[in-house]
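*Asks:* With the hints as extra help, turn the sequences into a complete structure.
Those protein sequences? They're chains S and R, same order as listed.
Residue 690 in our numbering is what sits at position 419 of the first sequence, and the numbering runs on without skipping anything.
Residue 159 in our numbering is what sits at position 135 of the second sequence, and the numbering runs on without skipping anything.
Treat the hints as calculated values from the structure; they're not laboratory data.
Check before you lean on any hint, since a few could be wrong.
[As the list claims (entries may be wrong)] Using 25 Å as the maximum straight-line C-alpha spacing, the simulated DSS-like pairs for lysine-lysine come out as follows:
#	chain 1	residue 1	chain 2	residue 2
1	R	Lys-184	S	Lys-741
2	R	Lys-184	S	Lys-551
3	R	Lys-40	S	Lys-744
4	S	Lys-563	R	Lys-46
5	R	Lys-184	S	Lys-665
6	S	Lys-563	R	Lys-40
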Amino acid sequence: MKNFSLRTRLTFLFVFIFGSTTLLFSIFSFYKFHDTLLSDFDNALYNYTIDVSQTIEIGVKNDLNFPPLIVEEGKIFPFPSGTALILVRHISGKILVKNGEFGNFNPPYKKDIEHILAGSEASYRTLSNIDEIPEAEAGTYRLITFPLDSESNPTLFLQIAAPMVSLENQLEQLQTILTFGLPLVLLVAVVAGLYFASKALRPVQNIIAITNRIEASALHERIPLPTAQDEIRELAATLNSMFERIEKSFESQERFVADASHQLLTPITILKGEIETRSKEFINSTESALYKSLLQEVDKLSRIIKDMLLLARIDSGQNALQLSEVYIDEVVIDVISRLQKLASHKNILIKLDFFNQETRSPIEGDHDLLSNLVANLIENSIKYSPSKTTIEVKLTWDQLGSQLTIEDFGPGIPENARPHIFNRFSRADTSSKTMGFGLGLAIAQKIAIIHKTEIQILPKNTPGTLFQIKLIKKNNLKT
Amino acid sequence: MHDLQMRILVIEDQAKTAQFLKKGLNEVGYSVDIAETGSAGESYIASSEYDLIILDVMLPDQNGLDTARHIRRDGFTGPILMLTALTTTKNKVNGLDAGADDYLTKPFSFEELLARVRALLRRNSATNTVNSILKYSDLEVDLIHRKVTREGKELSLTAKEFSLLEYFIRNPERPLGRVSIAEHVWDIHFDSESNVIDVYINLLRKKIDAPFKKKLLQTVVGVGYVLKEPQNEKL
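*Replies:* Below you can see the structure in the form of structure tokens.
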């Protein structure tokens, strides 16, 4: 149940309550109706029996005169006239007279006689085991047993079995109505339940849709407040004030990054510029070497600041993204062309191959961040590759998007270091021989995560590292 | 081209930054003026001619983006190079929208600044003198607006596809090898086994040739590709 939407659950509950009530009510009505019909039938049968008993004449020696039945005209009986089976039985069980097509049918009598001897006016019972009656008129017969000679001490009993045709018909009709009507009622309940649940939940669904949109892109948007002073309005107002706070903190975060960028990078720009212009004045001297080393440190410093500011920006999440359609192959080519110089210093060849380009399609992402991600991965591979090796970059498209792998043939990342390499300020090589500050891969992974994917390190047979990242096409992204 | 020295205006409030920019640019032969505020910069531009403006985004009196807008509004048509400490695309896009031609993020190496300045000045003089629309057969490539049309229909190309087509249309009817395409178009040295060039040729063919009867981009077996009218029309 927990996995269904609130709407479905409400509908289910509604149908359950409504349906079970209706069902119980129907069953109750059915039996009530049945009882009423039966008691009517019994009354009619009783009257008929009285009529019949009055036509029977009993002689002194208990011999019976059983003239043809004359039923008073105008009386309506709940069974076709002439179909009743009539007999007179002695208290011993012996049948004295019969009228009607009994066949082998011998109606039961013992309990009924006991019943009457105990003081009842008449005894009734329903017979459904009537196979012996030839050409039975109905599926069930009602049998009445009635004292014929004396009420206080009877010895002769009149038994009449009447087919319950009309009662059966009426019950059948009611049953038909119920078997077709009940599902119809339930169907109406389902539709009505769904309708009312949707109607009740529509404002909530609206809020969800708007909230999603606000979260994804437009922080300045607000949920329109409904006019009714209800819980929905309260919810909307609460969410709005939350968005207000998020927007404010996001703005201050952005402002901080902007201010920090400017404040930190301006002195570095000056430092770098001064050193660069000054270093030209000293050629081939120790001073020139000093300036070169100073410049390297300034570059390192600026790289760290930029990386940390970038991390701060990415940490603020989805809102930091400037989404556009990105062809990842073009990003990869740009990055490789930028890193070509770095690679050729170490005589490293970067091999690039595309696969399955028939399914090439753009993805939705932040162009700069994605390019940063790819650059960080390839830079990492260059950093840890020995000279004169190759780095293989492969881009494979498929129906879902694309998959980028970057493989180097360096020493690789030791098994125990793998879980940590995407953390800030960690790296595989603990000696400080290799340059790098451990932010690159952390940044790359963060970028991957806000693009709803992940960088993975795949196992490989040769030494080295194999990075893989899958980028999902826009319309396959589930938000 | 100008006989005179190229004149550059640096609008930058940080005196030290401005000083080393001036010093460095002077050394390679440009004449440099410095304005410390946006409004000062605007009045410099109003009173004399500049070939290029280097503009800092963070100024004491106004946002550099506004300064750029004002300069454009006042009729300056030369290139504007923005200096910014911010690196996001949004900031870059804002800068370009405000009328800048290029941007450089701080801290930059002076060599890079010089390269950008040279490129902007060259581009500016090229736009004025050279026809920026190249044609071959019924194919037209507008290098400034980066638009491609064939038989009057505009075709939408990605950045890489455009650069590739530009290289071909600059060298019509000349067979071009894969390695030379990679190096000229994208400044990359590919392994000769790589299929990257073929992939882009196919993507480009799909856009510029597939919808048309005449196939202009042809394979030269053993060499590479050539942009050429088909020789014998098949009937």
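*Asks:* Checking each numbered hint in turn, tell me which of them this model violates, lowest number first.
*Replies:* 2 and 3
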